[in-house]
Amino acid sequence: MSQQAFEPKLVGFLCNWCSYTGADLAGTARMTYAPNLRIIRVMCSGRVDPQFVLKAFQEGADGVLISGCHPGDCHYQEGNYKALRRHRLLSKMLEQFGIEKERFRLEWVSAAEGAKFQKVCNEFTEQIRKLGPLSWNGGKKNE
Amino acid sequence: MIHLTIDGKKLEVEEGTTILQAAEKADIHIPTLCYHPLLEPYASCRVCIVEVEHQGKKELLTSCNTLVREGMVVETASERVLRARKLNVEMLLARAPAAEPVKKIAQELGIEKPRFEIKDPQEKCILCGLCVRACEEVVGANAISFINRGQEREVAPPFGEPSEACIGCTACAFFCPTGAITYEDLYGRQVIHEELNLGPATAIRVPIRQAVPMVPFIDEDACIHFKTGNCQLCVKVCEKEAINHDMKEEEIEIEVGSIILASGFKPFDARRIPAYGYGRFPNVITALEFERLVNASGPTGGKILLANGQEPKAVGIIHCVGSRDENYNEYCSRVCCMYSLKFAHLIREKTEADIYDFYIDMRCFGKGYEEFYHRLLHEGTKFIRGRVSEITDIPLTPEEEGKLIIRVEDTLVGTVRRIPVDMVILATGLEPSLDHNEIAHIFNISCSQDTFFLERHPKLAPVSTFSDGIFLAGTCQSPKDIPDTVAQAGAAASEALALADKGTFELEPITAEIDEKLCAGCQICVSLCPFNAITYNKEKHISEVNDALCKGCGTCVSACPSGAAQQKHFRDLQIMAEIEGLFID
Chain A
1 MSQQAFEPKL
11 VGFLCNWCSY
21 TGADLAGTAR
31 MTYAPNLRII
41 RVMCSGRVDP
51 QFVLKAFQEG
61 ADGVLISGCH
71 PGDCHYQEGN
81 YKALRRHRLL
91 SKMLEQFGIE
101 KERFRLEWVS
111 AAEGAKFQKV
121 CNEFTEQIRK
131 LGPLSWNGGK
141 KNE
Chain B
1 MIHLTIDGKK
11 LEVEEGTTIL
21 QAAEKADIHI
31 PTLCYHPLLE
41 PYASCRVCIV
51 EVEHQGKKEL
61 LTSCNTLVRE
71 GMVVETASER
81 VLRARKLNVE
91 MLLARAPAAE
101 PVKKIAQELG
111 IEKPRFEIKD
121 PQEKCILCGL
131 CVRACEEVVG
141 ANAISFINRG
151 QEREVAPPFG
161 EPSEACIGCT
171 ACAFFCPTGA
181 ITYEDLYGRQ
191 VIHEELNLGP
201 ATAIRVPIRQ
211 AVPMVPFIDE
221 DACIHFKTGN
231 CQLCVKVCEK
241 EAINHDMKEE
251 EIEIEVGSII
261 LASGFKPFDA
271 RRIPAYGYGR
281 FPNVITALEF
291 ERLVNASGPT
301 GGKILLANGQ
311 EPKAVGIIHC
321 VGSRDENYNE
331 YCSRVCCMYS
341 LKFAHLIREK
351 TEADIYDFYI
361 DMRCFGKGYE
371 EFYHRLLHEG
381 TKFIRGRVSE
391 ITDIPLTPEE
401 EGKLIIRVED
411 TLVGTVRRIP
421 VDMVILATGL
431 EPSLDHNEIA
441 HIFNISCSQD
451 TFFLERHPKL
461 APVSTFSDGI
471 FLAGTCQSPK
481 DIPDTVAQAG
491 AAASEALALA
501 DKGTFELEPI
511 TAEIDEKLCA
521 GCQICVSLCP
531 FNAITYNKEK
541 HISEVNDALC
551 KGCGTCVSAC
561 PSGAAQQKHF
571 RDLQIMAEIE
581 GLFID
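Keeping their order, the protein sequence lines are chains A and B.
Per the working numbering, the very first residue in the first sequence carries number 1; after that it's consecutive.
Per the working numbering, the very first residue in the second sequence carries number 1; after that it's consecutive.
Among the hints, a few may not be true.
If you want the ones that stay clear, here's a sample from chain B, every Cβ over 10 Å from chain A, calculated [stated by the list, open to error]: (1) Met91; (2) Glu117; (3) Glu400; (4) Cys447; (5) Pro530; (6) Gly554; (7) Val557; (8) Ala559; (9) Glu578.
Straight-line Cα separation of at most 16 Å, EDC-like style, residue types lysine to aspartate or glutamate; simulated pairs [to be verified]: (10) A/Lys9 <-> B/Glu370; (11) A/Lys9 <-> B/Asp450; (12) B/Lys459 <-> A/Glu7; (13) B/Lys303 <-> B/Glu241; (14) A/Lys116 <-> B/Glu352; (15) B/Lys342 <-> B/Asp325.
In short, the hints are calculated from the structure, not lab data.
Only a predicted model underlies this, so the values are computations on that prediction, with no experimental measurement involved.
The beta-carbon is built from N, C-alpha and C at its ideal position, and this holds for glycine as well.
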């Protein structure tokens, strides 16, 4: 398998009200985007525990995305601010593990921004494709 | 009570009444010029003179300021009175030949031309003093007064210069009976049809003719009372004593279970398309302005007229102004095609004008709509399929002189055409109301890509939002016409009622819970909860979640250091399992 065939494995934690709905909108609008992002729905981006991010990388993710409502628009008032804080701290920690900060991304996608979700997916996929696989667990496959 | 006789009629009136007021009560007309019921009488014009016989004396007195006395016998039109009145009016006419009320009384008295020299044929001021009294008694500004004596007497501000005491209330102009005092708008606003631009208005007024409730309000910024402490004429004339200047704005808190948002729309601002000349050409008007023009209670009584008062010979109606346009709003505003057809029909009914409709597609989706379109086709309306690029008044041929020329690509014919018309109506689209974003923020609801409020599901839940108990109705959710708005409003009302009527309420099962055995009582979760759903139990030394308050965001769960807090259906183990599942190849 040559380097060009590397398909990044990306995990996305999407908040139910804004980002997941935005992604849904991209789908109903029949927008095409890279299929590399595997989505896990949570009610709020504030639900995302740093352990989930680590687990994702551990299981073989080359990149992790957290996406929530725009600041000020969180369905639960402030959850996205907590996600923002956790992202900043966790990024620093991951860098010390040798995980490039480009691999852990935080985005704000509202329920109307299907186009933005499409853009984020495509950009993230290309970015990680250029960075290459993470192989943090040695590329271990699940038995 | 005083008893007196006026023109042979025996009257009984209260003490303190003037002869003029007594005559009014008896339906006897005495002409006046300088009298106004809301101001103190001044008796300067001498037109209201009557002959009064009292206690053996017979004399000519002014009825506006003479109080009635017991046993008076008054004659309002005796020979002596008429002679005196005629002379007075003749002199007034010589002084102010252009004053309409004077001309009217002169005509009634049979005066054709005054025998006195006319100094200024344009003069209207009869020195009645109503303006001075108004400024003093009503407004309390005292900005104008009489100056000089004799021939030079006139009304002016101090030293004849603009006075700072003048508050610009135009009360003087309001009370002036002859129109000698005028005012103008210094900012040069182009008033096309005065009423359309809602020109000058009184401080106490009904907001619009269709106001609900149909009750006037007081505009604090314009009201003289709030500026000088005076006036309150409205209070004086209100028979029901319904006016109270001391009312203050109150904020009232009402607890409700459900809310229906029906904040409506605002029309697209046609000034955003400079090429169409709205604001530059007086005869380019928006749809809403045309509705007002053609309304029977409007400024022209429903006649379709140009700014110069003439009837148009050709009218152009431009569809999709601000809609279906990448540069402004991509969506279709839904109602414009139909109201444009309505306009075309009305213009056909009321004028002989040629009518041009410039459209992209004809959207006649409702009941009877397509049939109405066919009727228009038979009426001879000319439909041109193409987007109008500009409206110009620069003529290229003699036929285009004095016209507004519409430049459009006629896509069915395949050429660019110049259509000269007299009036252009812009079918402006719909946009969310001005305070749309504020409302979205207060109620924490999202907006869709077209910036209208987002419904929970476009097909299955068009009146609910993602927040339970908040419903949508009308054009705040998307552009729609009246039948659809009524239907949606009914749906929203019934959903809101169903919520209240059920007696039970469904909660989401995805709330957080705290395992007593694992909780260390660190209270990190307590401070994080945006809904104050977690409280610290001092006896048990643990934190507890209130199921009814918890909204299920999960913030506390991810912050809990011991894993005691978990979210039902979104447990850590469940999400971890999902992550593992994503990588099973």
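So, going through the hints one by one against the coordinates:
{"no.": "1", "hint": "Met91", "result": "75 Å, holds"}
{"no.": "2", "hint": "Glu117", "result": "78 Å, holds"}
{"no.": "3", "hint": "Glu400", "result": "44 Å, holds"}
{"no.": "4", "hint": "Cys447", "result": "6 Å, violated"}
{"no.": "5", "hint": "Pro530", "result": "4 Å, violated"}
{"no.": "6", "hint": "Gly554", "result": "3 Å, violated"}
{"no.": "7", "hint": "Val557", "result": "6 Å, violated"}
{"no.": "8", "hint": "Ala559", "result": "7 Å, violated"}
{"no.": "9", "hint": "Glu578", "result": "5 Å, violated"}
{"no.": "10", "hint": "A/Lys9 <-> B/Glu370", "result": "53 Å, violated"}
{"no.": "11", "hint": "A/Lys9 <-> B/Asp450", "result": "33 Å, violated"}
{"no.": "12", "hint": "B/Lys459 <-> A/Glu7", "result": "37 Å, violated"}
{"no.": "13", "hint": "B/Lys303 <-> B/Glu241", "result": "39 Å, violated"}
{"no.": "14", "hint": "A/Lys116 <-> B/Glu352", "result": "53 Å, violated"}
{"no.": "15", "hint": "B/Lys342 <-> B/Asp325", "result": "23 Å, violated"}
Checked against the numbered hints given earlier, the structure breaks hints 4, 5, 6, 7, 8, 9, 10, 11, 12, 13, 14, 15 and satisfies all the rest.
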